[in-house]
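Protein chains in written order, with my numbering: chain A, 1 to 111; chain B, 1 to 113.
Keep in mind that the hints are not guaranteed to be accurate.
Said to hold, decoys possible - In silico EDC-like links for lysine to aspartate or glutamate, alpha-carbon gap of 16 Å or less:
{"no.": "1", "chain 1": "B", "residue 1": "K40", "chain 2": "A", "residue 2": "E8"}
{"no.": "2", "chain 1": "A", "residue 1": "K9", "chain 2": "A", "residue 2": "E20"}
{"no.": "3", "chain 1": "B", "residue 1": "K41", "chain 2": "A", "residue 2": "E8"}
It should be emphasised that the hints constitute simulated quantities derived from the structure, not laboratory data.
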Amino acid sequence: AQRVTQPEKLLSVFKGAPVELKCNYSYSGSPELFWYVQYSRQRLQLLLRHISRESIKGFTADLNKGETSFHLKKPFAQEEDSAMYYCALPGPPGGGNKLTFGTGTQLKVEL
Amino acid sequence: ETGVTQTPRHLVMGMTNKKSLKCEQHLGHNAMYWYKQSAKKPLELMFVYSLEERVENNSVPSRFSPECPNSSHLFLHLHTLQPEDSALYLCASSRLAGRQPQHFGDGTRLSIL
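Just chain B, same shape as in the assembly:
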């Protein structure tokens, strides 16, 4: 499969659970991103990885922990989330050279009970 793939598509979890979101890109890109998309709010950039190194962390609570083991995979580990964390989590990737557009996955719809 080509493009950016996110799993799972939907996730329901309790506040004390630990789960992980996965993102995989088959585009040969070397930068990857996590975004949060909530209803009635703009897209919020959470994390940026460039060549597998985290280059940005936009004041995201520590209950969100990203991991980028290689340039094709990105994870978002979730631990003791809050109800306000319910949202659509989008992964994107891009090339680094120049101002390249980002390619997005379908997202994971997360619901916190």
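In isolation and in its complexed conformation, chain A is listed as follows:
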């Protein structure tokens, strides 16, 4: 069965420090992963997807199939990055395109 693990419930960093939000997955086949973000009082929204290989708001994530990881990174944290971050794994084709979410990591960027 597919599974997404985010080991940290809370990650607190200082402004300007590097950030790494961990995500590990379990999936048989070729995975595609997403990172979603939920800012305070805003809706859950897509931050980035590994297939795009792009940087959004300074964040990047590399799929490491050997380590089955998809960690989210940013070299210099900003106060506005404080939010809840969820790693998500789509299911196999068919079955309604469902997502399996991790439990989320609350990122707090302190001044």
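Assemble the complex: chain A is given as a structure, and chain B must be docked to it using the hints.
Chain B alone, transformed into the frame defined by chain A:
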């Protein structure tokens, strides 16, 4: 209005009431989802509709009854709920082709008295 819209934003109901949550998407998507988000618990997928047909029901109690009359609208009918059903209920939609990301609404904050 574009995107995924959920109404009402807040709902307080007694355990014997019957109410419905509504979700509407203006993105041309053909799959829709209901999630439950409780404090200190991960997002729980409740129902998946693909082309207006229910394709998944994750062991959700029968007091929750979904309805998808067309690809743009999704309802969650509520009947004789329990206090532990108090949560944020999120609706999402996506395209079906490939592994497409889901777009979420703001949610309905439900409180059961």
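Worksheet item: Going straight from one Cα to the other, do K9 of chain A and E20 of chain A come out at no more than 16 Å?
Response: 13 Å, holds
Worksheet item: Between K40 of chain B and E8 of chain A, is the straight-line Cα distance small enough, at 16 Å or below?
Response: The hint holds at about 13 Å.
Worksheet item: Is the hinted pair K41 of chain B and E8 of chain A satisfied, with a Cα-Cα distance of at most 16 Å?
Response: Judged against 16 Å, a Cα distance of about 14 Å means the pair holds.
Figure legend: structure checked against the earlier numbered hints; every hint is met.
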